[in-house]
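Residue numbers for the sequence shown follow the numbering used here, beginning at 3 and rising by one.
Source of the hints: derived by calculation from the structure; they are not laboratory data.
One or more of the hints may lead you astray.
Using C-beta positions, here's what the derived DEER-type ranges look like [unchecked claim]:
| id | residue 1 | residue 2 | range |
| --- | --- | --- | --- |
| 1 | Lys64 | Val27 | 40 to 48 Å |
| 2 | Gly34 | Leu89 | 33 to 41 Å |
| 3 | Leu15 | Ile73 | 20 to 28 Å |
| 4 | Gly31 | Leu6 | 18 to 26 Å |
| 5 | Thr59 | Leu6 | 26 to 34 Å |
| 6 | Ile40 | Val76 | 17 to 25 Å |
| 7 | Ser29 | Pro65 | 27 to 35 Å |
| 8 | Ile88 | Ile48 | 15 to 23 Å |
| 9 | Tyr32 | Asp62 | 44 to 52 Å |
For each residue, glycine too, the CB sits at the ideal point set by N, CA and C.
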Amino acid sequence: MKNLKQPAFIVGLLSILLFIVSVAVKSYGYRGSDYIIITATALAGITWIMSIINVSTRSDMKPFQKRFWLIAVVAAPLIGGMLFFILHQKANRLTT
3 MKNLKQPAFI VGLLSILLFI VSVAVKSYGY RGSDYIIITA TALAGITWIM SIINVSTRSD
63 MKPFQKRFWL IAVVAAPLIG GMLFFILHQK ANRLTT
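All chains, full assembly: derive it from the sequences and hints.
Structure, rendered in structure tokens:
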């Protein structure tokens with residue numbers, strides 16, 4: 003569970019929550035929802051970059067596992083990064 007306390011994971015959750023709130027608020031016609039969507043997108047981008055850095059600097063992963071996670075994070079930016087933080091819990095116990 004230590005990966006769920008990573009800043010990138012928390013920022014990713016925050017971006018998902020902001021996006022959900024912005025969609026709900028936009029349905030009521032609130033003009034400020036565009037700024038909330040932009041903020042959620044920026045936070046998702048930060049999560050994506052932090053996830054790529056985190057995967058590429060891991061020393062407890064085998065090369066094929068590192069390639070798999072890099073492909074997953076690059077192919078599905080926010081979802082891939084969030085899945086990495088949820089599934090990769092500790093060394094020598096990796097999910098691929």
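Quick rundown of the hints versus the structure:
1. Distance hint for Lys64 and Val27: a CB-CB separation of about 45 Å, consistent with the stated range 40 to 48 Å.
2. Gly34 and Leu89 have their C-beta atoms about 36 Å apart, which keeps the hinted 33 to 41 Å range intact.
3. At about 23 Å, the CB distance of Leu15 to Ile73 agrees with the hint of 20 to 28 Å.
4. Look at Gly31 against Leu6: about 36 Å separates their beta carbons, and that is not inside 18 to 26 Å.
5. The hinted range of 26 to 34 Å is not satisfied by Thr59 and Leu6, whose Cβ atoms lie roughly 19 Å apart.
6. Our hint of 17 to 25 Å for Ile40 and Val76 holds, since their Cβ atoms are close to 23 Å apart.
7. Hint check: Ser29 to Pro65, Cβ distance near 47 Å, so the stated range 27 to 35 Å is violated.
8. Under the hint 15 to 23 Å, the C-beta atoms of Ile88 and Ile48, about 18 Å apart, fit the expected range.
9. Between Tyr32 and Asp62 the C-beta distance comes to about 45 Å, which sits within the given range of 44 to 52 Å.
Hint violations for this structure: numbers 4, 5, 7, all remaining hints satisfied.
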